[in-house]
Amino acid sequence: MSTIAEVIPSARLSQDLFQKHGPALDAWFDERFAKKTQELEENKTRSLAIIATKGTMDWAYPPFILASTASALGWDVSVFFTFYGLELLKKDLHLEVSPLGNPGMPMKMPFGPKWFKGINWNVPNLVMAGLPGFEKMATGMMKQTVKNNGVATIAELREACIEGGVNLVACQMTVDLFGYTHGDFIPEVKDWIGAATFLPIAQQSDVCLFI
Amino acid sequence: MTTLRQELDARGLNCPLPILRVKKAITTMSHGQVLRVLATDPGSVKDFDAFCKQTGNELLASEHNGSEYAFLIRKN
Numbered sequence: 001m002s003t004i005a006e007v008i009p010s011a012r013l014s015q016d017l018f019q020k021h022g023p024a025l026d027a028w029f030d031e032r033f034a035k036k037t038q039e040l041e042e043n044k045t046r047s048l049a050i051i052a053t054k055g056t057m058d059w060a061y062p063p064f065i066l067a068s069t070a071s072a073l074g075w076d077v078s079v080f081f082t083f084y085g086l087e088l089l090k091k092d093l094h095l096e097v098s099p100l101g102n103p104g105m106p107m108k109m110p111f112g113p114k115w116f117k118g119i120n121w122n123v124p125n126l127v128m129a130g131l132p133g134f135e136k137m138a139t140g141m142m143k144q145t146v147k148n149n150g151v152a153t154i155a156e157l158r159e160a161c162i163e164g165g166v167n168l169v170a171c172q173m174t175v176d177l178f179g180y181t182h183g184d185f186i187p188e189v190k191d192w193i194g195a196a197t198f199l200p201i202a203q204q205s206d207v208c209l210f211i
Numbered sequence: 212m213t214t215l216r217q218e219l220d221a222r223g224l225n226c227p228l229p230i231l232r233v234k235k236a237i238t239t240m241s242h243g244q245v246l247r248v249l250a251t252d253p254g255s256v257k258d259f260d261a262f263c264k265q266t267g268n269e270l271l272a273s274e275h276n277g278s279e280y281a282f283l284i285r286k287n
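Keeping their order, the protein sequence lines are chains W and H.
Following my numbering, the numbering of the first sequence begins with 1 at its first residue and continues without gaps.
Following my numbering, the numbering of the second sequence begins with 212 at its first residue and continues without gaps.
Calculated directly from the structure, the hints in this document are not laboratory data.
Just so you know, these numbers come straight off a predicted model, no measurement behind them.
Across the chosen pairs, the derived CB separations fall in these ranges:
1) 278/H / 197/W: 46 to 56 Å
2) 35/W / 267/H: 11 to 21 Å
3) 208/W / 279/H: 32 to 42 Å
4) 186/W / 242/H: 32 to 42 Å
All C-beta atoms in this analysis are idealised placements derived from N, C-alpha and C, irrespective of residue type, glycine included.
Please work from the sequences and hints to get the whole structure.
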C-alpha cells in the first residue's frame, strides 16, 4: 500500500509544509475562526417572539413595551395573540384592570398631595366584588396614574409596534372560539394562524416570552 | 466640531417612550448627524447606553443636571 504522498507528489509537499508549520497554521485558523464567529454574532439581527395571552390593561403593557422597544433596537419581532390576548388587537380597545383577587396591585389615589397618593387603600375583596362599578373606577384611576407619570397608553404603544414593523399575528382558533370576526380587529393583523405556524417562528427567535 | 441638527425633548416621558421617540428621530437623520435628547426618566441613562450599543450608534455624551438628563447621540 502506497502513501498518499507517493501517489500525489503535491500531497507530499503539503504534508511537509504541515509538519513544519502545523502549529502556526492551527493558531492562525483559531484566531480567524474566533474573529469570524464574533463578526457573525455582532451582525446578526436579533429576534423576539412573544405569546400574549392576557386581555386586561395591566397585562397589555409588557408585550407592547417589549415589542416596541425591541423593534426600536432593530430586532425582528413577532407577537402571537391568543385567548384573552386577542383583546389587545381589537379596533376599539376597552381594556380594564381588576384589583379583585389581585393582592399585588396597589390601590392608590391618582390625585392629592404626595402623602395622600402614597396611601395604599386596602379594600377587602368582598367590598370590591359587591360594589357596582368598582372595576370601572379602578380602571379610571389606573389610567389617570399612567397619564400622571408620563407612561404611554396602550393605544400609543400598539401604534409604535405597528410603526416599528412588529409582526402582529392572531390565533384563528380563539377567533372562532369566542365568536369574533376578523372585522373586529385592527387591519394591521398580519396573519391568522395556529400553534403549528407560530412555533417555528418561536424556535428561530433569540428571545421567546409567554405573557 | 459637530453640528447639532436635531433636538428631542423627551422630558416627562417614561419608559419606553424616550427610546421610541429617539428611534423615530434617528431614522429621519443622515449618518454622522448628532441628536441632542433631554429626558427626565432616570432609567433613560442605562437605556440610551444599551440602545446605542445595540443599534450601532454612538453615545457621545450623557449628562445629569438635577432631575434632568441630556444625551448626545451620533447616528452611525
